Amino acid sequence: MSTAAGAKVMMLGDSARARAAIPGHPSGSALAEFEQVYRGNVDVVTAYFARRCAEPQIVADLTSETFVRAAGAFGSFDPGRGSARAWVFGIAAHVFAGHCAQAANGRDAVARLAQRRPLDVDEIDELAGKIDAERAGRELIGRCSQLPELERAAVEFVDLAGLTPKEAATALGVSRVVLRKRLSRARARLRKEHQGDG
Amino acid sequence: MGKFEDRLWRELVRKHGADLAQMTRPAAKPARRARPRLLAGTSIGLAVAGTAAVLVLSAASSPPAFAVSRNSDGTYTVRLQKLAGIGEANAKLAQLGIHARLVEVTSSCTVKTLPPTAAEAMQLARTVAATPQVAIAKLDPRKIPPGKWQVIPTYRVAGAVHVESGHLMAGAAPACISTVVAPPCKAHSPQALRDLRPGTGSPAEAAKRAAQALASSTTGNSGNSGNSGTSTSTPTHAQVPVPAWVVGCYLHVPAGHPSNTGNSGNSGNSGTSGNS
Numbered sequence: 001m002s003t004a005a006g007a008k009v010m011m012l013g014d015s016a017r018a019r020a021a022i023p024g025h026p027s028g029s030a031l032a033e034f035e036q037v038y039r040g041n042v043d044v045v046t047a048y049f050a051r052r053c054a055e056p057q058i059v060a061d062l063t064s065e066t067f068v069r070a071a072g073a074f075g076s077f078d079p080g081r082g083s084a085r086a087w088v089f090g091i092a093a094h095v096f097a098g099h100c101a102q103a104a105n106g107r108d109a110v111a112r113l114a115q116r117r118p119l120d121v122d123e124i125d126e127l128a129g130k131i132d133a134e135r136a137g138r139e140l141i142g143r144c145s146q147l148p149e150l151e152r153a154a155v156e157f158v159d160l161a162g163l164t165p166k167e168a169a170t171a172l173g174v175s176r177v178v179l180r181k182r183l184s185r186a187r188a189r190l191r192k193e194h195q196g197d198g
Numbered sequence: 001m002g003k004f005e006d007r008l009w010r011e012l013v014r015k016h017g018a019d020l021a022q023m024t025r026p027a028a029k030p031a032r033r034a035r036p037r038l039l040a041g042t043s044i045g046l047a048v049a050g051t052a053a054v055l056v057l058s059a060a061s062s063p064p065a066f067a068v069s070r071n072s073d074g075t076y077t078v079r080l081q082k083l084a085g086i087g088e089a090n091a092k093l094a095q096l097g098i099h100a101r102l103v104e105v106t107s108s109c110t111v112k113t114l115p116p117t118a119a120e121a122m123q124l125a126r127t128v129a130a131t132p133q134v135a136i137a138k139l140d141p142r143k144i145p146p147g148k149w150q151v152i153p154t155y156r157v158a159g160a161v162h163v164e165s166g167h168l169m170a171g172a173a174p175a176c177i178s179t180v181v182a183p184p185c186k187a188h189s190p191q192a193l194r195d196l197r198p199g200t201g202s203p204a205e206a207a208k209r210a211a212q213a214l215a216s217s218t219t220g221n222s223g224n225s226g227n228s229g230t231s232t233s234t235p236t237h238a239q240v241p242v243p244a245w246v247v248g249c250y251l252h253v254p255a256g257h258p259s260n261t262g263n264s265g266n267s268g269n270s271g272t273s274g275n276s
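Residue numbers (this note's numbering), protein chains in the order written: chain P, 1 to 198; chain Y, 1 to 276.
For reference, chain Y alone in the conformation it holds in the complex (with noise of 0.2 Å):
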């Protein structure tokens, strides 16, 4: 090879050697196999990929729970059959660096609270007769700021797998996500609800009025952290202490503030929040 192929050679490695040597390709296979059925499911996050090539198949001999695959375009599919493959799909996402995980939607999950579109298509989903079906993922890796995840809610309905489009949340992937639908994100200042005008503004506003408030308040805490109904469907000073307030359907609390509910972003705190 001359010097330009070397340089050439060189360059390619610099940019693409790293997604290269992590790449696990299938096995030549000697004929072409029949092309699977990829039925379009009515969830709201299937998409199809176009160039997606199947990396890793979760198991030879039975058919595919799962399939994880990086597409020409830098985004990765994820394809699931089986509930099953989730805990697989995840490790394959995890051995990537990927931080995004799907995560079972389940009714006795207490830990976080189905997005209002999730529930919606879910709704949807039962309205189906049951098909064979891969519910397809895709998500794309460099759009999950630092230290963010992207949860991709995972679920069966009518004898098919769905997932749905994933959102980001911060901290790490719940364990599992409930069939709770989340309360409207609506951000509230202690002193707006102590006037019940609720305030409108971004989270990030409304942490900033809340941490302000939160200064200047001279009562005590009474253990009520604010999260329940109780906070904004009785508007009397007493029962509204709440140094908390909801950001993004996640209640927070100010760290090292003294709260008994360890309510930090993943209470599951839908449908007592009463800020709707």
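Okay, chain P solo, but in the shape it has when bound (with noise of 0.2 Å):
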């Protein structure tokens, strides 16, 4: 259901080149970091926003949005105080509910701050394969609908995208303790709504 396993494995040839097309991109500077913080996310991220969304443009241009927008604050970011997983994912969400925000006001808002760009064909088809591997993800986030939003959050974190209880909390700006509670709350609401169904 979650990509995330596959996320951790680092191209590295990939990176090198990536590399080696910056002049003066030594391997320690923030850029070789942030190379690695991106390699290593950005499939758990569009596999996140492919579970929300179904039109691929809109998926490239959250994904987008949101490595856009780490690239400009990697300054602030501090791994002593969580991973770098946990830092993006709490880029992501912010911008999922601005886009929701947005979207729910009529205007589309990632097109103003992403500066969309369009998607060739191979893109295109790319992305929608993603959005349609993460289509039993969408109908677990569908049924979790009726719970509160923490808890929807929660399960999506940890049991879709692949984060770890303590990364999903930093991600959400919580407690490890009212995360585990939380997460523990929803399962067993969904539990008891399977056997409800069944």
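Because the hints were derived from the structure by calculation, they are not lab data.
Since the structure is predicted, the reported quantities are computational estimates derived from the model, not experimental observations.
Errors might be hidden in some of the hints.
As the list claims (entries may be wrong) - Residues from chain P that keep clear of chain Y, each with C-beta distances beyond 12 Å, as calculated:
(1) A60
(2) R69
(3) A101
(4) A104
(5) L140
(6) E149
(7) R191
Unchecked claim - Covered stretches of chain P, going by a simulated chain Y footprint (3 or more residues, C-beta under 8 Å):
(8) 41–52
(9) 72–81
As the list claims (entries may be wrong) - Each pair of labels, with its calculated beta carbon distance range:
(10) P/V178 with Y/D140: 32 to 40 Å
(11) P/G142 with Y/A91: 31 to 39 Å
(12) Y/A94 with P/K166: 38 to 46 Å
(13) P/A54 with Y/K143: 37 to 45 Å
(14) Y/K82 with P/D120: 24 to 32 Å
(15) Y/K148 with P/C100: 37 to 45 Å
(16) P/A54 with Y/A18: 32 to 40 Å
(17) Y/K82 with P/P79: 22 to 30 Å
(18) Y/G147 with P/P79: 39 to 47 Å
(19) P/G129 with Y/A84: 58 to 66 Å
(20) P/R185 with Y/R142: 43 to 51 Å
(21) P/G129 with Y/G87: 54 to 62 Å
Glycine included, C-beta positions come from ideal geometry on N, C-alpha and C.
Reconstruct the complex from the two isolated chains, following the hints.
What follows is the structure, encoded as structure tokens:
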């Protein structure tokens, strides 16, 4: 259901090529660090949005916006306060919340913020495949729609996106105890609903 | 990674690669440290930055005298705890290519005068009790026009370091700033000075008027460049040759014009120009 495991695999060949493409890009620079953060999380962030949206262009825009913001705020990222994944997911959650708020107001915030880049055919196919792969996750999110927001987010971040409870707590800005309680409560409710359906 | 992710990465590098390549990030800390207290000062220019990240610390083993950090909105925050950190903070600003400098305010300085607002803030700062404080200045390099510098007056009053809101100046940043308050900035053309009807136009208009007056002037320069109090306080034509004019609190003399004062914008002529 989740693509988190695949995202943890670093593609070192690509990384080296990217570094080589940037003059004066030392391996220990912030750019190199950000590249690791990007390559380690872009798949899971794309999957996160693919579970939320069925439109490839919107998934692309939201993913782009997340990493544009991450690049701009990378100086504020403190690994001592949480993993890169938790940090990126915190940004992604904000981006999606902003997108929903703007969509509710009839405005396309992402197009404005991310300066929408039209996708080519190959990219659309690729993202459509990811959206399709997240169909089960989307169904689970649909079933979670009756849950309180924090419980829904806890299920999504831990059970679908593959974050650890600690990472999910950091991304959602709550304590680990609260996160675990909410996650447990949400799972119990879903189980109960599932048994009721059966 | 797929084509979309690769293309997105290339775009990120294109747009943010330069910033990221220059960014110096702090080493990962094993545990979260207590948040340092940033006590708001009374100075006008103090501002608290929201999402600043410390990029440079002056020394690992001692309390940092300064920090220069880049904010997510592209602005920079300069934190200063000791005046001794001015030099290093300026070096970091230079390294980042930012045309802004912290400049210490001292009573012995004769180079440049203190803007009136900074003088008021400095006076106010004297009335508050000394508290441990980190002075914070926020600046936006994108708003500094080419060829100009943002000068940030910095001083120590009542045991605490203060920074003021910076102001732009052409040329180079001065080595220091005098505590003497600059005069109100009004443009006086030579003709207006002769007629004792000072002009109140913009500096550009004043410059144009003065240039015209200078071109038409047939009188020789007496050596008094016109920035002394005698220029306006004594309404005699003989004492007002003044092929010079006051613009933005500085006295400018046209290039190539004979002048024995050398007051090309940084002469610290406050209190003597008598044009208030």
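These are the hints, each one checked on the structure:
1. A60: violated (6 Å)
2. R69: violated (7 Å)
3. A101: Since the minimum Cβ distance to chain Y is about 19 Å, P/A101 lies beyond 12 Å and the statement holds.
4. A104: The assertion about P/A104 holds, with a minimum of 25 Å to chain Y.
5. L140: holds (24 Å)
6. E149: Holds: least Cβ distance 24 Å, greater than 12 Å.
7. R191: holds (35 Å)
8. 41–52: holds (count 3)
9. 72–81: With 10 residues close enough to chain Y, the hint holds.
10. P/V178 with Y/D140: 32 to 40 Å: holds (38 Å)
11. P/G142 with Y/A91: 31 to 39 Å: Given a distance of about 57 Å, which is not inside 31 to 39 Å, the answer is violated.
12. Y/A94 with P/K166: 38 to 46 Å: holds (41 Å)
13. P/A54 with Y/K143: 37 to 45 Å: Distance hint for P/A54, Y/K143 holds at roughly 42 Å.
14. Y/K82 with P/D120: 24 to 32 Å: violated (55 Å)
15. Y/K148 with P/C100: 37 to 45 Å: holds (43 Å)
16. P/A54 with Y/A18: 32 to 40 Å: holds (36 Å)
17. Y/K82 with P/P79: 22 to 30 Å: holds (29 Å)
18. Y/G147 with P/P79: 39 to 47 Å: With a Cβ separation near 40 Å, Y/G147 and P/P79 satisfy 39 to 47 Å, so the hint holds.
19. P/G129 with Y/A84: 58 to 66 Å: holds (59 Å)
20. P/R185 with Y/R142: 43 to 51 Å: holds (48 Å)
21. P/G129 with Y/G87: 54 to 62 Å: holds (57 Å)
In this structure, the hints that do not hold are numbers 1, 2, 11 and 14, in rising order.
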